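Novice: Keeping the supplied structure of chain A fixed, place chain B upon it in accordance with the hints.
Note that the protein sequences, when read in sequence, are chains A and B. Take -5 as the starting number for the first sequence in the numbering used here and just add one per residue. Take 8 as the starting number for the second sequence in the numbering used here and just add one per residue.
Honestly, I wouldn't trust all of these hints.
Said to hold, decoys possible - In silico contact screen, one side only, chain A against chain B (beta carbon under 8 Å); selected entries:
1) D154
2) T237
3) D241
4) A242
Claimed, not checked - To list a few chain A residues with every Cβ distance to chain B over 10 Å, as calculated:
5) N53
6) L89
7) R114
8) T119
9) A126
10) L176
11) M288
12) C317
Keep in mind the hints are simulated off the structure, nothing from the lab. It should be emphasised that the depicted structure is a prediction, and the values quoted were computed from it without experimental measurement. The beta-carbon is built from N, C-alpha and C at its ideal position, and this holds for glycine as well.
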Amino acid sequence: MKATVTNQVSFERVGGVLLVSLAGRWQLRRGLASSKVLEKELQGLPRITRVAFDTERLNNWDSSILTFLATVSDVARQRGVPVDPAGLPPGIHRLLDLAEAVPERAGARQEARQVPLLERIGTGTFALAGSAGELLSFVGDMAITLVRLFRMKARYRASDLFLLIQQCGPQALPIVTLISFLVGVILAFVGAVQLKQFGAQIYVANLVGVAMLREMGAMMTAILMAGRTGAAFAAQIGTMKVTQEIDAFTTVGLSPLEFLVLPRTVALILMMPLLCLYADLVGIAGGAAIGVGMLDLSWKTYFQQTVDAVSLTDLAGGVFKSCVYGVLIALAGCLRGLQSGTSSSAVGDAATSAVVTGIVAIIVACGVFAVVFYVLGI
Amino acid sequence: MTEGAIAETGTIPHIAVRDLTMAFGSFVLMHDLTFTINHGDVFIIMGGSGSGKSTLLRHMIGLTEPARGEIFYDATNFTRSSGTERQQILQRIGVLFQSGALWSAMTLAENIGLPLEEYTDLSPAEIRDVASLKLALVGLKGFEDYYPSQISGGMQKRAGLARAMALDPRILFFDEPSAGLDPITARLLDELILELRDSLGTTVVVVTHDLASIFTIGNNSIYLDSDSRTITASGPPNELRAHAQDSKLRSFLTRGGTHNP
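Bound-form chain A, shown alone:
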């Protein structure tokens, strides 16, 4: 006869019967008892013919004892040893019966399958082709919707449009002010360090002016709006998908593209150039603050130098780009929203994906513009 003690369990062999003694307080927060010893006991010789329980000294228990007992009966069943629950308190007995009442459904367990590399490449390619197709059909549908807008046949609510214009125009001003002022300051500093070597500090005004007008004003505004408004569009539309509001539009015969995507796109197309102009101005002011404060230039000289440096073409190019960025941000946001799944985490993914898609689209467009403008000599 040998006895093994773990925690509050002890095993005892009485002839062919393994007597499991459970004692003390069994509580989840004190941890679970291990069933390793049990397995060892069942493997040992002489062969066990029955498992029985002794709960004389058991004080109080919760699911920790049930978990342990469920493991015990699983292990015993695997080895074909019958378990005699007679020694258990009736409460434990009934709960164990309940846990075993419904047998495990075959095939319900999901098995993690190792997917071969080739299969993963294949599925990935199909998924890519599928999403490219979705993108194309979305862009196509939007083009048709825009034509309907110009023919005054599109159906959307004017009040929605004004609300959206307010959200992605005036309400974005504080953050645009902060960022573009700082971009102006940074550009001025970068330029100042280099130009001071030649005593050509005055050209800081050229650098800041041209850079803001041609590239940075439009691009910084676009990236800000992709994070601020593109994500908001995706989250709004994604949530409307979760609450079946999109389905409700479809069954009433209203196109979600006209009703939701169109006003958002129009609002951004209208607001982006204005925000871009504003960002250009604030950026130049940021540059001027450094020029006047640290490079000993006068406001008047800095202003005059800027006016001489920049042309209307620079300004128009930047503003035009900002319109295009606006379209890209709105479409990326709305597309990801419409593609969203119907759970809260899917809406989060849609918002993230809208920002990523938006920024990638902006940078790609920026590169294309750089090449085209160079070729055209603008």
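Specialist: Then chain B, alone, in the frame of chain A:
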């Protein structure tokens, strides 16, 4: 309503579903569903959780395309019809979604008014009057200018019904109408459904597993079985309860009460 009167005397069923198979990719949810719904029926689509009841409803209103099979409204093939034809059919259909699905950016009056703006020539003042009437019918008089987020879930559901009724549809679809409602509100909704059928002659299709409603309002039904993946029984719910042979259906209709009759 002469069109309705002619159809009612004819033998063409109001809605007919033929050999419908619903599938997600290669996974077949339900196959070979065939049933008809007559004018003025309160038709119950029942089945356990996950059996595809709501998906069947989505197929019937064109939100999901069937993998195979067709759906007819009167004599028109809905599945094969073009965009404008579908629109015309959908205009005569009202849908109450599971969560109400009110447009959250609009007040209740605007929610109900939108379909009216789209499909009628009423003036804004008239639209508002109609919206008030519909809200009064579902017991929400005075809530015209509330936003959906400002009212309770049960009220949202009733407002959703008011919107579904906006254009006086010939057919109303309900997706789990009593889910999330207290017993009394659920019963009032049942009475409202019967009243709409009796007074306006509306055909009602209800997806539910609420037994109390099934026996109170349903005069015809189908049972979707998730194991055999098709319809295993159809007929008036009360008769099914009395005479069903299938033990699973009997167990469903009696809350698992008569395993051993």
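Novice: Next, verify each hint and record whether it holds.
Specialist: These are the hints, each one checked on the structure:
For the restraint placing D154(A) at the interface with chain B, the shortest Cβ-Cβ distance is roughly 7 Å, inside the 8 Å limit, so the hint holds. The closest approach between the C-beta of T237(A) and any C-beta of chain B is roughly 6 Å, which is under the 8 Å cut-off, so the hint is satisfied. Because the closest C-beta pair between D241(A) and chain B is about 5 Å apart, less than 8 Å, the hint holds. The restraint placing A242(A) at the interface with chain B holds, with a minimum CB-CB distance near 4 Å, inside the 8 Å limit.
Listed as outside the interface, N53(A) is consistent with that label: its C-beta sits roughly 37 Å from the nearest C-beta of chain B, beyond the 10 Å cut-off. The claim that L89(A) is not at the interface with chain B holds, since no C-beta of that chain comes within 10 Å of its own (minimum 21 Å). Every CB of chain B is more than 10 Å from the CB of R114(A) (nearest about 18 Å), matching its label as outside the interface. Every Cβ of chain B is farther than 10 Å from the Cβ of T119(A); the closest lies at roughly 17 Å, confirming the non-interface assignment.
With a least CB separation of 19 Å from chain B, A126(A) remains clear of the 10 Å interface cut-off, as annotated. The beta carbon of L176(A) is kept farther than 10 Å from every beta carbon of chain B, the shortest such distance being approximately 34 Å. For M288(A), the non-interface assignment is confirmed: its Cβ lies about 49 Å from the closest Cβ of chain B, beyond the 10 Å cut-off. Every beta carbon of chain B lies more than 10 Å from that of C317(A), the smallest distance being close to 26 Å; the non-interface claim holds.
Of the numbered hints given earlier, the model fails none.
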